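Student: These are the residues of each chain, in order.
There are 2 protein chains.
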Amino acid sequence: MKHVLIVGGGFVGLNAAKILGRSGKLDVTLIDRKNYHLFQPLLYQVAMAGLSPAEIAAPLRALLSGYRNVRVLQAEALSIDMETRKVVTTVGPIHYDYLVLGCGAQHTYFGNEVWEPLAPGLKTIEQATEIRRRILYAFERAECTDNTEEKMKQLTFVVVGGGTTGVELSGAIGEMSRYTFSKDFKNIDPTLTRVILVEAGDRILPGYHPDLSAKATRDLEALGVQVWTSRRVTSIDSDGVDIGKERVQAATVIWAAGIQASDINGFLGQNMDDLGRVPVRPDLSIGGHPEIFAGGDQAAFIPDGAEWALPGVAPVALQQGRHIAKNILMDMAGKPRRDFTYLDKGQMATIGRSRAVVEVGKIRFSGFFAWMTWLLIHIYFLTGFKNRLFVVLQWAGAYFTFNRGARLIVNKEWQFYAPPKKKKKEPVPSE
Amino acid sequence: MKHVLIVGGGFVGLNAAKILGRSGKLDVTLIDRKNYHLFQPLLYQVAMAGLSPAEIAAPLRALLSGYRNVRVLQAEALSIDMETRKVVTTVGPIHYDYLVLGCGAQHTYFGNEVWEPLAPGLKTIEQATEIRRRILYAFERAECTDNTEEKMKQLTFVVVGGGTTGVELSGAIGEMSRYTFSKDFKNIDPTLTRVILVEAGDRILPGYHPDLSAKATRDLEALGVQVWTSRRVTSIDSDGVDIGKERVQAATVIWAAGIQASDINGFLGQNMDDLGRVPVRPDLSIGGHPEIFAGGDQAAFIPDGAEWALPGVAPVALQQGRHIAKNILMDMAGKPRRDFTYLDKGQMATIGRSRAVVEVGKIRFSGFFAWMTWLLIHIYFLTGFKNRLFVVLQWAGAYFTFNRGARLIVNKEWQFYAPPKKKKKEPVPSE
Numbered sequence: 001m002k003h004v005l006i007v008g009g010g011f012v013g014l015n016a017a018k019i020l021g022r023s024g025k026l027d028v029t030l031i032d033r034k035n036y037h038l039f040q041p042l043l044y045q046v047a048m049a050g051l052s053p054a055e056i057a058a059p060l061r062a063l064l065s066g067y068r069n070v071r072v073l074q075a076e077a078l079s080i081d082m083e084t085r086k087v088v089t090t091v092g093p094i095h096y097d098y099l100v101l102g103c104g105a106q107h108t109y110f111g112n113e114v115w116e117p118l119a120p121g122l123k124t125i126e127q128a129t130e131i132r133r134r135i136l137y138a139f140e141r142a143e144c145t146d147n148t149e150e151k152m153k154q155l156t157f158v159v160v161g162g163g164t165t166g167v168e169l170s171g172a173i174g175e176m177s178r179y180t181f182s183k184d185f186k187n188i189d190p191t192l193t194r195v196i197l198v199e200a201g202d203r204i205l206p207g208y209h210p211d212l213s214a215k216a217t218r219d220l221e222a223l224g225v226q227v228w229t230s231r232r233v234t235s236i237d238s239d240g241v242d243i244g245k246e247r248v249q250a251a252t253v254i255w256a257a258g259i260q261a262s263d264i265n266g267f268l269g270q271n272m273d274d275l276g277r278v279p280v281r282p283d284l285s286i287g288g289h290p291e292i293f294a295g296g297d298q299a300a301f302i303p304d305g306a307e308w309a310l311p312g313v314a315p316v317a318l319q320q321g322r323h324i325a326k327n328i329l330m331d332m333a334g335k336p337r338r339d340f341t342y343l344d345k346g347q348m349a350t351i352g353r354s355r356a357v358v359e360v361g362k363i364r365f366s367g368f369f370a371w372m373t374w375l376l377i378h379i380y381f382l383t384g385f386k387n388r389l390f391v392v393l394q395w396a397g398a399y400f401t402f403n404r405g406a407r408l409i410v411n412k413e414w415q416f417y418a419p420p421k422k423k424k425k426e427p428v429p430s431e
Numbered sequence: 001m002k003h004v005l006i007v008g009g010g011f012v013g014l015n016a017a018k019i020l021g022r023s024g025k026l027d028v029t030l031i032d033r034k035n036y037h038l039f040q041p042l043l044y045q046v047a048m049a050g051l052s053p054a055e056i057a058a059p060l061r062a063l064l065s066g067y068r069n070v071r072v073l074q075a076e077a078l079s080i081d082m083e084t085r086k087v088v089t090t091v092g093p094i095h096y097d098y099l100v101l102g103c104g105a106q107h108t109y110f111g112n113e114v115w116e117p118l119a120p121g122l123k124t125i126e127q128a129t130e131i132r133r134r135i136l137y138a139f140e141r142a143e144c145t146d147n148t149e150e151k152m153k154q155l156t157f158v159v160v161g162g163g164t165t166g167v168e169l170s171g172a173i174g175e176m177s178r179y180t181f182s183k184d185f186k187n188i189d190p191t192l193t194r195v196i197l198v199e200a201g202d203r204i205l206p207g208y209h210p211d212l213s214a215k216a217t218r219d220l221e222a223l224g225v226q227v228w229t230s231r232r233v234t235s236i237d238s239d240g241v242d243i244g245k246e247r248v249q250a251a252t253v254i255w256a257a258g259i260q261a262s263d264i265n266g267f268l269g270q271n272m273d274d275l276g277r278v279p280v281r282p283d284l285s286i287g288g289h290p291e292i293f294a295g296g297d298q299a300a301f302i303p304d305g306a307e308w309a310l311p312g313v314a315p316v317a318l319q320q321g322r323h324i325a326k327n328i329l330m331d332m333a334g335k336p337r338r339d340f341t342y343l344d345k346g347q348m349a350t351i352g353r354s355r356a357v358v359e360v361g362k363i364r365f366s367g368f369f370a371w372m373t374w375l376l377i378h379i380y381f382l383t384g385f386k387n388r389l390f391v392v393l394q395w396a397g398a399y400f401t402f403n404r405g406a407r408l409i410v411n412k413e414w415q416f417y418a419p420p421k422k423k424k425k426e427p428v429p430s431e
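Protein chains in written order, with the UniProt record's numbering: chain A, 1 to 431; chain B, 1 to 431.
The following block holds chain A by itself, in its conformation from the complex (with noise of 0.2 Å):
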């Protein structure tokens, strides 16, 4: 049987997974840096403290289980040569007839890459749980100081980046800290919190019609959310960052603005676009290589009269994942390939508990019916019964209560304890 290797465990690579598994003409291997695969489009709601990782991740051997020619490897790949059809990873190399790439995108910083441990981007769970922790322990720092100017450093939090994971993520700091926290702190007003989002463009959603952009800079604002657009950050260190020539002292900044195609693309001989994106062909190959396939984010597919590719959203990631597992099975069949045409299913932005934006093709809402079909359509695509039944009580229990569940302050490393020893009484410091 021909083999087929999956490299990435996301929404292209489940997809096609699925598909070949369910069809068992091939051999399959699917690998992934990590053993699960994760609902991106709700990770910002694990650095809101509103779930938990597992509740919007499972692990891909659990999901893959049923299949019996499908295996998964936690690996990850390293380079790919396409003359002897082999692609190095961190368990060895492995031979491929056919090779689905679905590796997805990363932040970039645009040359400041020395930006990013000051402001995290928002990409895996790790990063998710980092910026939670950084959040929750601002307001911690806050209430411990009297020093009115270290607290209003504490309480600013700086967001860069107006497209959809910045809208979310500045509005759900926005609500937390006017809801959540109200009665939790007694030596700050949280609702003294500024949250700044950066848009370098002239609107934040540029993906979206204006009106809507508009209807959601009106939203953040009644959620205190100061929204500054056509800005541009220049500059961040440890106490703050400068936009344009404005200094803003912020204790917390999260880098939501730049994305960059999978490095591994450098192994593919192409031409890639601006986002470090390989072009594919209509059939979602790759040019010169029928039996190299690549989809969502790594990918840059430019439907037909159209001017620019498709954008990194999940279901563009999902339908061409489907596509791809088809056009192999096509070839199985001797049959000739289709062309990959896009099923727009919209886009939408929540923002705050009960608002948001929604836009499917010319129809355009917002408020609190967009908020539900947002709330419903996410809830649908979750992988897992399991885990659609317990972020539905998470979130019916969060809108009633405005509480958040998962407020832990987990340290980034594991502490090794100190050795146990006898500490001498040690005269206290004077005050």
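Hints listed in this document are in silico derivations from the structure and should not be mistaken for laboratory results.
Computed from a predicted structure; not experimentally measured.
Fair warning: there could be bad hints in the mix.
Because identical chains share one entry, a pair is satisfied inside a single copy or across any pair of copies.
What the hints assert, rightly or not - With a straight-line Cα cutoff of 30 Å, these simulated DSS-like cross-link-like pairs (lysine-lysine) come out:
id : residue 1 : residue 2
1  : K86       : K151
2  : K151      : K2
3  : K18       : K345
4  : K183      : K18
5  : K245      : K18
6  : K25       : K183
7  : K151      : K335
8  : K186      : K151
9  : K183      : K345
10 : K335      : K362
11 : K345      : K186
12 : K326      : K245
13 : K86       : K123
14 : K186      : K326
15 : K326      : K2
16 : K2        : K123
17 : K151      : K345
18 : K186      : K2
19 : K326      : K123
Starting from the known structure of chain A, fit chain B onto it as the hints suggest.
Tutor: Frame of chain A, contents of chain B only:
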């Protein structure tokens, strides 16, 4: 108003704070290194991927937000000066009129502290997720290798210490390998997993009646756990352990053997017992200092006529926390303090999915009914209604499906992104 400083937000500190908060008669400050109260009896469930951290932890600030006279600070106590009545903390010195110490205990390696990174203990959420990572990753590595010796090493787990934690962990590993993983791996047979529980004494669960130790041993053996009593671990390295004269190749070793009370006891000028616990008087204050109280794992309380101090279990800590608060209120009311008496709530350990051993005074039982008792009692005492509901649902789901929802291998350190760089195509190393 007099100021009560509570160090530690565990069972002692939280329960003392609630009673003092309800009375409204004193100013109370509770400090803890973490921002949450942890329900430690269920921590092994996080290590075994059955529950998420947020399901057994609740933010101290939210738990105590209803009491206007109680302030919560995330800070660590560094030293105590009993003469000036000050505790030096990471956020500065704090004066007290009454000091309540509930700092708990940590693991001890009996002088072999170098074993700590090789064989982590289970006292914190960070440690629980680290143990979860190690166990799940061992199965992943076993799946990736064709070397039989390496495979066996990855599938061998050694748990050191046959107390409640060791019994619960080894039973859960045995069950997980036999049931949860039965269909998930194509390249290994998870039922070949070898779990060894090592206990230095002549039986496991030494605090229980010998009949229950024997029953627990049989239950563990039914799950494939080998129980090695009267054996001592003499050496641990990255490839395995020496148990007496026998060498066991094992990739994963977990430490559940020794406990040492908090180092802060060194500032109290008392003679500590073998476990580093400070002796407390019948009213739970320490000798010569009626304004300082200690409880829980940090204190040694020897009941009238008894030979041994009360064990370090949750009901003791909870009752002592309440009693300390009541004695402070007695002082306020000008009434004499009362002596502490422990109302024995019994002890219990769970073994796998539906077995347990329970001992309450002279009553002993085991099996499914014991497991149901264990379940109901643990859920009843879990803090916060929402958490209780979720844990019941998780367990109901897990009971019928053997599924473990929280099977995420999350990296122990937050991974910084490598700056995106265009890699040159490299030759593939020969196999």
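Student: All hints, please: hold or fail.
Tutor: Hint by hint, here is what the structure shows:
no. : hint           : verdict
1   : K86 with K151  : between (55 Å within a copy, 25 Å between copies)
2   : K151 with K2   : between (62 Å within a copy, 27 Å between copies)
3   : K18 with K345  : within (21 Å within a copy, 51 Å between copies)
4   : K183 with K18  : between (48 Å within a copy, 16 Å between copies)
5   : K245 with K18  : neither (52 Å within a copy, 50 Å between copies)
6   : K25 with K183  : between (60 Å within a copy, 20 Å between copies)
7   : K151 with K335 : neither (67 Å within a copy, 43 Å between copies)
8   : K186 with K151 : within (13 Å within a copy, 55 Å between copies)
9   : K183 with K345 : neither (40 Å within a copy, 35 Å between copies)
10  : K335 with K362 : neither (36 Å within a copy, 76 Å between copies)
11  : K345 with K186 : neither (46 Å within a copy, 36 Å between copies)
12  : K326 with K245 : neither (53 Å within a copy, 59 Å between copies)
13  : K86 with K123  : within (28 Å within a copy, 45 Å between copies)
14  : K186 with K326 : between (60 Å within a copy, 25 Å between copies)
15  : K326 with K2   : within (15 Å within a copy, 74 Å between copies)
16  : K2 with K123   : neither (33 Å within a copy, 49 Å between copies)
17  : K151 with K345 : neither (44 Å within a copy, 46 Å between copies)
18  : K186 with K2   : between (65 Å within a copy, 18 Å between copies)
19  : K326 with K123 : within (28 Å within a copy, 49 Å between copies)
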